[in-house]
Each structure stands twice: as structure tokens, then as C-alpha cells.
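Chemist: Just so you know, the protein sequences line up as chains A and B, in that order.
Quick note on the working numbering: the first sequence kicks off at 1 and runs consecutively.
Quick note on the working numbering: the second sequence kicks off at 1001 and runs consecutively.
The hints are simulated quantities; they were obtained by calculation from the structure and are not laboratory data.
You may find that some hints are simply not true.
Stated by the list, open to error - Subject to a maximum C-alpha distance of 35 Å in a straight line, what follows is the list of computed DSBU-like cross-link-like pairs (lysine-lysine): (1) K1078/B <-> K633/A; (2) K257/A <-> K1140/B; (3) K262/A <-> K1064/B; (4) K554/A <-> K1221/B; (5) K1162/B <-> K563/A; (6) K1162/B <-> K568/A; (7) K1064/B <-> K268/A; (8) K282/A <-> K633/A; (9) K1064/B <-> K257/A.
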Amino acid sequence: MKLLSLSFSNFKRSVREYGMLILSLTFSIFVFFNFQSVIYSDSMDVLENYNKEYIDIIVQAASVVFGVFLFFFIWYASNVFLNQRKKEIGIYIFMGLDNVRIGKMYMLESVFIGLFSLLAGIGTGVLFSKLFQMLLLKLSDISVDIKFFFSWEAILITAGMFLVIYGLMTLKSYHTLKTSSVLNLLSGAKQQEMQKEKWIITFLKIAGGVGILLFGYYLAWDTGDLNSLGNALGAVVLVIVGVYLLFSGLIPAILRKLSGNKYYLYKKERTLWVNNLAFRMKKNYRTYAMVTVLMICSVTVMAISIAMKQRYEKLTHFDQTYTYQVLSSEEKNGEEIAKGIEQENKVKFWNEMQVAMVEPSVVHSKYTYTAYGLVAFSDVKQAAKKAGLPFAYKELKDNQAIELSHEVLMDISGGAIENYEQKIGSETYDVIKSDNTPYFGALQNNTKIFILSDKTFENLKSLGSVTYFYNYRIQDMKNMEASKSYLNTLAQSSEDGQAFTGVNYTQIDGRQDSWIRVMYSLCIFMFVTLVLAAGSIIFLKIGNEVYEDKERYKILEKMGIQKKSLRKSVRNEICFTYYCPFILMTITSYFSVKALGNVMRENLLMVNIWSMGIILLVFTVICVISVYTARKKLSLTS
Amino acid sequence: MKKVLEVRNLSKNYGKKGYETAVLKDISMDIYEGDFIAIMGPSGAGKTTFLNMLSTLDKPSSGKILLEGQDITALSNKELSLVRRDKIGFIFQEYNLLDNMTVQDNIALPLSLNGAPQREIIRKVQARAVDFGLESHLRKYPYQLSGGQKQRAASARALITKPRILFADEPTGALDSKSGKDLLGCLKNANEQENATILMVTHDGYTASYAKQVYFLKDGKIHSRLTQKDSRKAFFEEIMTMLAVMGGEGE
């Protein structure tokens, strides 16, 4: 079949010509496949089934993000490809081929490119998936032997996802080709460039973009309570739409204004590069918007990762306030227990408190699975002093209480409510503060304790059963096993279950929480991939434009424009292309990270600054390479 | 009269050593300020090669080209681009306007790159546009213009820096006769009123008749030279006769 062989030879040629396109398609498939194979491989099974589910959810979420990314990327790439081919296709039409046949030829060619990229992507993906998982677990501080694993599901999902998106885009291109006129095809990409826009449309776009962005920011700012999820989702959609409108309205308007103001424009190389940018904006704003959104995603993902790490460290620190906690229904000699521990370990500090454990009904709570306790003010005060924990309260009034809470990983419940009224027994008390200092260490995680004035405590302790807490922290946490044999001898309970003594050992190796570590390593991977993707999209775009620019620069050189000027012009134009989306991202990411900080109860400003710094660095490196290759292609190297 | 360009014993060979073909053989000529010279000759006579050499785009095999006393054949590429920027203007057959900027910006480009003050650039571009009948097209992009308008814009751009000499390679080659006439009128005006020095290559007798002098190239040598005496019409007849005598392409 002639058509088939023509498209195949076209494809062979395009492997060379559109190498970057194939490379980037391959890369995106590669990344997507790797994330998929994390879900289906059994190397993660070491994380106990319970946690694997969490990781799968996270990886699924990451896959959705990458799916969206894949969609935009393929859309962009196939558009670029179509535009580059339009002129050639126009010539085919002149030669007497009809649109339908050309469309078919183009489709076949696209299919070759798609299949080639798919095979290459999955092939490299399979080869590297083990390495990827090794890196992931290494970064997560989990040591497991990973076997080479081959999962049909991951391959099928990746292939299916890609083929659906790519197929849609190819059909779209086919439709464009079938319906476009010869003239349209011949003038190719030029048609879309630099069309004057009615000012009212520009104005509406800008006003709409700014308005939508501001509303998105407002939603992002307003997170931290129960409607956080809805807000966050709304903010994401609004920011994407807003960025899109802004790039289609504001940036072209500014560039038009600049190129219209000759007093600004006629200043050395500006005539060249500002004009070039303005001329291309119409065609390029989607790319800018896409890159900006990708970068916002990457910074947010990075912030999630670091926030997770910070929270995780706080949680661990919280839990490790004490090494051993001895609970007993009868009073013990704390000093004696300390001596027992000292046989094997050096005690750093210890303290004792008595807590009246009460039934949920006493505090009128509907959560019957939570334990509740009451403790006296002076008791906590002396214990805090011994443990070196901050305790900055003056005496409590008899009708006041302080609630002791614990650290959480994420909080969308609206945070701790302060200044509420709490009924204990028959009286009502003012809760003046919710405090998450770990006075009771790990046991505070599932027990809600109220600090009461000494007098109130004396009155109320009869409502529950008094339990004595003896908390010990040893010098060398790693040696905690050594004292266990002694402490185990303390544990006992009476026949009727009324009297008991129990020991709580702190977990130092929190395998249960390893999913959090995997999560932040995954986030870091996503950050890297997204930043690289954003960078490479601009890189591709510039490569493509330089190809178009060759003619112009030849003319300029013939006119006697010095290479130095041309080099400057190229540099300025490329720098704008990289840093304009970066600046918009800087503004936007501040809000998205702020929103995240609200939910995670962390101050993420430094994370924001750091991740932007990293992106700036990556972009600068890519920008320098871009400038260098562009100059080389335009033969402007000195 | 000031001598702008001095060509001495210029030769150009193409091809590998031992198998060379001589395109230009030992050409010498002087061009003075205010000259308007046309170079004619049949295809393959070496017209374009000659022009490329004079305009620094190509280097001769031997001989000297002195632009205001400076030998441009001995200059480095960097120095050459400076010469092109400061002393030479070009008009090409295919216009070579930059399609990504307006006519106004195209004309302003050389001045702007030279760092001239903005006010002066705007004034000069405006004046030049009036001379070349482009004042209503300044805000348009090249693709919105006709061929003749494009070529006039390209000429305006070439003349905006007041070059010592303007080189034109088949400037009317792609134009219809009306547009060609308009363009030549503009060039003639620039020559007469601003004393611009112009060297133009053409194969068209009518175009050549706008010049003050016509050089005929044949087989790499200057075959003969005509100077305009009275009317342009008579000069045109003279040129046509000369072409017929020379053989080759008589149009």
C-alpha cells in the first residue's frame, strides 16, 4: 500500500526531525509507567497491608496529576507537530492529494510515532522501574530487597491511558486537516500570529483573569476548616482558569503596549526581541499558562512533602517525650522504678502525675472510644518542670480548664476550638486553652485530658478511677530494650481486673508510619518530574521557534547587524520566556502553599522560598542551555 | 567628487584547486559619491557575484576593494559586520523584511540597534515613509502589504542610516511594472536629492535606464559602459541596442 509506505518513510525521517517530540512523549510515558508500577509491584508490601493502601492512594493521586499532565503535554506536542507539518501538507495538496487522504497519511504517521514512543517509554520504564523503586525506598529510609518486577496491569493502564489521549489528539488533528483550506495550510502557523484584538475582549479577559485568580487566592487563604477540601479544589480550578485568561489577555496586552510605545521599543535590541515576543504571544500563551500551572503544582507538591516531613518529625518527637510510661491503679514508688531502670540505662528525667480517668458520659462526649482524664494543675506543673516542658500558665480559677490535645498530620477540622464550655459531671467549666504540649507523651494521643485547678480536681476525682502515671525518659533511646525485662516484671493485674499496673513502651522505629516517609519521597520525585517537565516544555518551544527564526536572523546578518546585538536579543527573548511564567508562579504558589500551611498547621514560607529557589536554579540552567543551543543553531556563537 | 568605492583587479574563481572556473576576471572600477550605477549582463556574467563581493557578503580570490580608502577584503568578519552596519545599505530581490514587526519597526530597526535617540528615530522614519509613500502603512505587518510596498519599505530601511553606498540586487525582479516604476522613482529621488550613492544589479533594461551609468558585464569582464546624456527614454534605447549587440538576453 502506497500510503502506508509513504507515511512510514515520513515517520523514519521524523524520528530525526522530531526527535524532541518523540523523546518527550517517551519521557512522559516513562514517568507515568514508573508511578503505576509502584502500585502494582510487591516491593511495597513490606510496609504492611494497612499502610500500602495509603501509599496506593497517594500514588493514585500522583497518577491523576500525571494523567492530567500527560493530557496537556500530548495536546501541546501534537499541535506543535501538526503546525510544523502544515506547509508540507499544503504542498501535497497542490500535488493533487485530497484532504482525506492526507489526513489518513498524517494519522498513520502519528500512529507510528505514538507506538514508537509508547514502546520506548514502557521499555525504558520496565528497565528502570526497579531502580526507581530502590531510589524511592532508599530516600524513604526503608531497607528492602527489591526484586525485578514485571506487571502487566501497569503496562496496560499506561498504554491504555496514552492511547486514549493520543488517539483523541490524533483524531482532532485529522479533523483539522480534513476541514482546513489549502491556503490555510500553506500559510501554516503564520495565520494565528499577532492578530489585533478588540480592547473590550482584552479588558474582559484581564478583568476575568484577575477576578478569578483573586477569588481562587481568597479560597486558598480561607482554608483550614471543614470546607478546606472544597475550597482547595475550587482554588485549583480557579487558579488554572485565571492563569489561562491572564496569559491570553494581560501578557499579550502588555507586550502589544510595549511594542506600540516606540519610545520604549526603539532602544537597541528591544526592537527585535519585544517584537518577536509580541508577535508570537497569540500562539504561545497556552504554553506559558501550562508551564505556570505545572510549576505551581510542583511547588505545592514540594510543600506537601516538606510539611509531611516536618509533621512527621513533630509526631515522632511528641511520641518520644518519654521512653517508658508506667500506669498503675495504686500508688508506686517512682524513685524505685527509676532505680530499676538505671540498672541498664541512665534515666534522663522522670516525673509522676495522677489522673482521674473518667467515662465519656462524665464529660458528656459522644465519642465512646476515646479515653478521658482529669488532672490537677500543680501536678502537671511539677511534672512539666521535671521534664523540661514549657508550662506558662498562672493558677487556674476553679471554673476553668485547659484541654490537652495531640499533634495531627493534617487538620481540616477547623483546628482546636478555644474558649468553649465543657460540662464535666454536673458543672460547666470554661476551657481557656487547648494545649498540645506532650505532658503525657504518647499516651496523650488517644486520651483527652483536662487540667483543672487543684481544688476542682479534688472535688471531681471521685467521678473516675485514679491512675498513677510514672514517666521515664532514658539517655540512650537505642538501648531501651535492655530495661524491658525489668519493667515487664512490674506489669500485673488483679483477678477482678480492678487493680492493674501496665507499662507503655515508646516506638522508636515507627514502621507503622513509614507510609508518610514514602509519601514525601514520592512528592520529591513528583517535584523533580514536574519541574523538569515545565522546563523541557519551554525548551521544546524555543527549539521550535529557533527553527522558524533562522530566516530572520540570516536577514539581520545580511543587513550588517552585529552578532553581539543578535546574541543579546536571543538571550533577552529566551530569558523572558523562562522567567515570565516563573514570576506568575511565584505569586500564585505563595497562596497555594499558604493554603496548604493552613491545613497542615505548619509555616511553609521557607519551603516555598526554597522550592522556588530550586526551580529558579533549574530554570536558569535550562535557560543557559537554551540560549547556547539557540545561538548555535542560528550560528551566532562567538 | 569624493571617491566612495574603488575596485582594483578584482577576480573570483569557484571550484577546487586545479579545476577552477573564473567568474570575474580582473575588474577595476571607481564609484563616486552621488553615482547611480546599474550593472547589466546576461545570466552567468557574474553580476550577482560582483555585487556580493562589493557588498562584503563574499570575498574575492584576488584584487582589492577600497571603501572610502579602507580595504574591505582584508577585514575580519566582525569588522565587516561593522562596515555593513555603518556604511552599506542593501535591497534584495525578495524584500527580506522581518515578518514579525510592523513596517515602522522594520524601518527603525537599524537606527534603533545603533542606539540612536528614540525621538530622532521616530522623526526620521516618519520623514522617510513620506518620501517612499508608506505613511499610511506604517502600522501594518509585511504580510499585509503588496510586493511593491514591501520593496519600498525595504529600501526605506536600507536608506535610513544614510549609508555611503546602497547595493540593490534585482530590486524590481519580483515586482510588476507599476510597482517597479514607483520604487525606481523613490531611488532616483534619494539619489538626486540626498546625493545617495547607488549600485544596482539588474537584467532589465528599463530598470537600468533609471541609472546615470550602466556597466555591462560579459564573461566576467566589463564589456562596455554607457552614460546617460539627455533623456531617460533615449538612454533606454541605447541600453537596448547595447544588449542586442552583446547578444545573450535581449529584452
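Chemist: So, for every hint listed, does it hold in this structure?
Modeler: So, going through the hints one by one against the coordinates:
Taking the CA atoms of K1078/B and K633/A, the gap is near 19 Å; set against the 35 Å cutoff, the hint holds. Only pairs whose Cα atoms come within 35 Å are accepted, and K257/A paired with K1140/B is accepted, the gap being roughly 16 Å. Restraint check for K262/A and K1064/B: not satisfied, since their Cα atoms lie roughly 42 Å apart, outside the 35 Å limit. For the suggested pair K554/A and K1221/B, the alpha carbons sit about 30 Å apart, so the restraint of at most 35 Å is met.
Between K1162/B and K563/A the alpha-carbon distance is near 21 Å, which keeps this suggested pair within the 35 Å criterion. Pair hint K1162/B plus K568/A holds up; C-alpha atoms about 25 Å apart against a cutoff of 35 Å. About 34 Å separates the Cα atoms of K1064/B and K268/A, which keeps this hinted pair within 35 Å; it holds. Between K282/A and K633/A, the direct Cα distance comes to roughly 24 Å. Compliance with the 35 Å bound is thereby established for this hinted pair.
Between the alpha carbons of K1064/B and K257/A the distance comes to roughly 49 Å, so the proposed pair goes past 35 Å and is violated.
In summary, the numbered hints that this structure violates are 3, 9.
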